[in-house]
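Protein chains in written order, with the working numbering: chain A, 189 to 278; chain B, 8 to 476; chain C, 5 to 498.
Don't read these hints as lab results, they were simulated from the structure.
Be a bit skeptical, because a hint or two may be false.
Claimed, not checked - Cβ-to-Cβ under 8 Å is the rule here; a few derived chain B residues that face chain A:
#1 188
#2 232
#3 235
#4 320
#5 333
#6 359
#7 371
#8 380
Every residue gets a Cβ at the ideal spot worked out from N, C-alpha and C, and that includes glycine.
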Amino acid sequence: MTAKEIAKLAGLPESEAERSEVREDLEKILRYFSKLEDLDTGDIEPLVQPVYRENALREDEVKDPGFGTKEVLFNAPDAKDDMIRVPRTI
Amino acid sequence: MNMNEKTDMNPLAEQVLDRIRRQEDLLRCYISYDIEAVRKQAASVEKKIKDGEFRSPFAGIPYAVKDNLCTAGIRTTCGSKMLEHFVPAYDAAVVEKMKAAGAVLIGKTNMDEFAFGSSTETSFFGPTRNPADLSRTPGGSSGGSAAAVASGEAVMALGTDTGGSVRQPASHCGVVGTKPTYGVISRWGLIAYASSMDTVGTLTRSVEDAATLLDVLVGEDERDSTSLPHPRPGFREILNSDVRSLRIGIPADLIDAGVSDPVASSLETAAKALKEAGAIVERFEIGLADYLVPTYYLIAMAEASSNLERFDGVKYGYRTADPASLSDLYQKSRAEAFGEEVKRRIMLGTYVLSSGFYDEYYLKALKVRRLIKETYDRAFCKFDCILTPTAPTTSPLLGEKPDPISVYESDLFTVSANLTGCPAISVPWSRDEKGLPIGIQLMADVFCEGTMLRAANALETLREVRFYE
Amino acid sequence: MNNSYETVIGLEVHVELSTATKIFCGCRTDFGGAPNSHTCPVCTGMPGTLPVLNKKVLEAAIAVGLATGCEITRVGRFDRKNYFYPDNPQNYQISQLYFPICRKGSVEIETKAGKKSIGITEIHMEEDAGKLYHAEDGTSLVDYNRSGVPLLEIVTEPDLSSGEEAVAFLEKLRTMISYLGVSDCKMQEGSMRADVNLSVRKPGEDLGTRTEMKNLGSFRSVIRAAEAETKRQIDLLEAGEQVLQETRRFDEASGTSFSMRSKEEARDYRYFPDPDLPPVVVSDELIEKIRSEAPEHREARILRFEKEYGLPEYDCKILTETKTLGDFFEEAALIAGAGDGKAAPTEENVSSSYKKVSNYIMGELLRLQKERGMDEDEIPMSPEHLAELIRMTEEGLITGTVAKQIFEVMFDKDCDPRAYANEQDLCILKNEGVIESAVDQILATETGPVAEYLSGKEKVLGYLVGQTMKALQVKADAGEIRALLLKRLKDRSE
Chain A
189 MTAKEIAKLA
199 GLPESEAERS
209 EVREDLEKIL
219 RYFSKLEDLD
229 TGDIEPLVQP
239 VYRENALRED
249 EVKDPGFGTK
259 EVLFNAPDAK
269 DDMIRVPRTI
Chain B
8 MNMNEKTDMN
18 PLAEQVLDRI
28 RRQEDLLRCY
38 ISYDIEAVRK
48 QAASVEKKIK
58 DGEFRSPFAG
68 IPYAVKDNLC
78 TAGIRTTCGS
88 KMLEHFVPAY
98 DAAVVEKMKA
108 AGAVLIGKTN
118 MDEFAFGSST
128 ETSFFGPTRN
138 PADLSRTPGG
148 SSGGSAAAVA
158 SGEAVMALGT
168 DTGGSVRQPA
178 SHCGVVGTKP
188 TYGVISRWGL
198 IAYASSMDTV
208 GTLTRSVEDA
218 ATLLDVLVGE
228 DERDSTSLPH
238 PRPGFREILN
248 SDVRSLRIGI
258 PADLIDAGVS
268 DPVASSLETA
278 AKALKEAGAI
288 VERFEIGLAD
298 YLVPTYYLIA
308 MAEASSNLER
318 FDGVKYGYRT
328 ADPASLSDLY
338 QKSRAEAFGE
348 EVKRRIMLGT
358 YVLSSGFYDE
368 YYLKALKVRR
378 LIKETYDRAF
388 CKFDCILTPT
398 APTTSPLLGE
408 KPDPISVYES
418 DLFTVSANLT
428 GCPAISVPWS
438 RDEKGLPIGI
448 QLMADVFCEG
458 TMLRAANALE
468 TLREVRFYE
Chain C
5 MNNSYETVIG
15 LEVHVELSTA
25 TKIFCGCRTD
35 FGGAPNSHTC
45 PVCTGMPGTL
55 PVLNKKVLEA
65 AIAVGLATGC
75 EITRVGRFDR
85 KNYFYPDNPQ
95 NYQISQLYFP
105 ICRKGSVEIE
115 TKAGKKSIGI
125 TEIHMEEDAG
135 KLYHAEDGTS
145 LVDYNRSGVP
155 LLEIVTEPDL
165 SSGEEAVAFL
175 EKLRTMISYL
185 GVSDCKMQEG
195 SMRADVNLSV
205 RKPGEDLGTR
215 TEMKNLGSFR
225 SVIRAAEAET
235 KRQIDLLEAG
245 EQVLQETRRF
255 DEASGTSFSM
265 RSKEEARDYR
275 YFPDPDLPPV
285 VVSDELIEKI
295 RSEAPEHREA
305 RILRFEKEYG
315 LPEYDCKILT
325 ETKTLGDFFE
335 EAALIAGAGD
345 GKAAPTEENV
355 SSSYKKVSNY
365 IMGELLRLQK
375 ERGMDEDEIP
385 MSPEHLAELI
395 RMTEEGLITG
405 TVAKQIFEVM
415 FDKDCDPRAY
425 ANEQDLCILK
435 NEGVIESAVD
445 QILATETGPV
455 AEYLSGKEKV
465 LGYLVGQTMK
475 ALQVKADAGE
485 IRALLLKRLK
495 DRSE
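In isolation and in its complexed conformation, chain A is listed as follows:
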């Protein structure tokens, strides 16, 4: 994975990853992370959430969120016809 590809996936311009001090830092930190390889983790199950709970389920009932078109558009940088406007999508 090249630095340019990473930048693109991360929604950043390629130039962000191309700066030499950035690349050095990134490489250094990745090497730092590689320390974990020393540990034998075998078949242990990954821990995603630190405190166990299961099944947070919600009833299928419409809730009025006190939120709608006005709130969506309030912080929008650009809008038209009650919709957010962006450059042409493919």
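Got chain A sorted already, so can you dock chains B and C onto it with the hints?
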């Protein structure tokens, strides 16, 4: 300024506003505050108290909120240019609770951008100064909240703690910083950094205030799927300083990894004081010392890289001028509005999740996380609390640009609470030869805030060094 | 198929669930509403918001999994699929990759070639994206009303060999899912979407490179697209070129497809478990509850209709084409078969009533639906009214022809047939006097035909009956008129 000592609600807000008037330009604790709005709020609350509408101990108390917790109608920036003008339409759950208790919101405090940092220097709005020494950082990322409480610009403050961001600034500024068990305080309205570790925390001047504040904030929220009910709520009620027979463990391998002399001696005197008060204090080896920090940062950056994808210039926040295309809009908006540390962490997080590296980095870190959790589970079978310094050194000078890895490693004592979900608290204990505060941290097993607060309260009672004029 | 190549197809089917609210927030899912009005901070990706799973979505997923013979995953998770696109407010979609809710099922299809089992690789839950519109000024506009609508994605093994088989699968799936009541699965409305993964190979060879085809709006498109893509791939291979692995977009108008390669390049979704959502733990009790509460599926209903209503298999198949149609038949039949409460129903009357209901549905209802371009699901009259109409014919109150007229009126405005018949004066005349005078009138005016009849041309009777009926506006029983005419004419000849 303990609540038990106040006799009149009104002067408190006035006192805080006075401090702000005199010091805020220098300290820069706040990103947003509106004196007139505070006055109006305080007056309205005052009336409601007289009418018997508020009976909470916090009615009328001025408090501050870290700027990554949403406040309806008040801009919430996360210390970033990306959200410089963002105004949410909703309150964070914790803000709702404080409102219901009648607390008076002073303003939104300064923080490292998106909570990525340990010094509050990465804020788009400039750094906050440590009230204990204006040439030094207040710590981070909740530096503004800690400094506000330390300097009297707020009676208490809310912060967020993902890897130590409430406890470490508390230690550097000389206030009490508390992080409860993950999930017992709702994350609704907390702008996410690392979802599996973010916890709302409190900055107060006493352990008693912390216990009382936690009582207000704790509670399951159906809007947060990771939130849980606390099995033993009511911390203020059971608070005392009795540590007789309390089993306290000091992880020697963590300490030996490197702490400054003043910090080392601070830990020793704290341990001695607890022993003399009847606690059983023992050194032990926790194991995995070298892996705590890399595991934390790897997971945090991965989750953060995903959580920050929504900041794209499309729906809210900063949008670049005249984008030539959609990808231009994304890339330029993010490049122009995010600071260096944020961009670095986003790229690293993206990398460790990417195809070909996922197993080796991210999945591996999750496996090590379970090892760490099991390690602490075993430790908490032997000990009620684990005692360490909060930070390996006192507060560094503003403007130093240390190598990122050494900054990360300064989180050695705090990250395990976030990896394991355990509660932890930093209590100001002593000062170094320059007068800089040193905090001592107590950590307990999940849901054992009661025990932890008791030990912390004991430390505070036993403390000889004065904090707060 | 052509040139000794065989086609290998796998489908990815997205089904929009008909829950009241979205998958991760309490916003409404119904259509209509101003742009961005069915939204909340969660489904618009506002900072600090969190997802909470809709219980009904989980139950629907399990129900579909059980109906397709899948293993239900006992500990599942949600994963984030990360990619930047404006219809995706968080720039990640919450989906399931590593531990989907259902795995390893199968669906049996039947085509001209016979029966075949199609494997289901997995079924998972995920959220839908918002909608993008192209504005005339060259920009795009985003509406988040559909963002967060719950979807089930059903992935098949590459067991299908043609567009026809793919459509047979989709039809079977649609029947199963609509019988469960969790979605209406209408491709034209977008509540069922199918992506076709297709490759070709010579028999015995390994699987060829496959392409993914999107934007198929109907069953017919699926067949056309499969045919066109098979041909395109064969042509490439025959010309010595390679098939590129890519996503293609089908164009309805031209019947051809275009590569979407530029969009799909470098798509590393970096799936990882969503830390905001706890594991989805499915207990034995929940599975049993869903299994026992599942509505009757179609095959069972066909057998039951045959048995309980004494109808032939052919009829039962048509009546159970959709759940709604079957429900309508059953309600109307039960009311019609119960009789008018005056006389005790006999077995013969009851089964004759059932058959009448069935005939009306198969004959009139389906015809009218087709004429008006409606779905079998759209039944604009109530079963009570149909049963009533049938009772009226059994009472001899109206003729069969009139009944059909009333039926069509009921189809258009669902009125009470008895009231309508009275209003419009359509009832068979029982008044002897009126009939007699009509007959006499006709005999008086139609002197020519009467003379013809009396001179031996018996066929003219039919004409006289017809004229009388016309005069009475068809409101009399033809048999009665005929009898009366005969009597009068006989009298005359004597």
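Cross-check of the supplied hints:
| no. | hint | verdict |
| --- | --- | --- |
| 1 | 188 | holds (6 Å) |
| 2 | 232 | holds (4 Å) |
| 3 | 235 | holds (6 Å) |
| 4 | 320 | holds (6 Å) |
| 5 | 333 | holds (5 Å) |
| 6 | 359 | holds (7 Å) |
| 7 | 371 | holds (5 Å) |
| 8 | 380 | holds (6 Å) |
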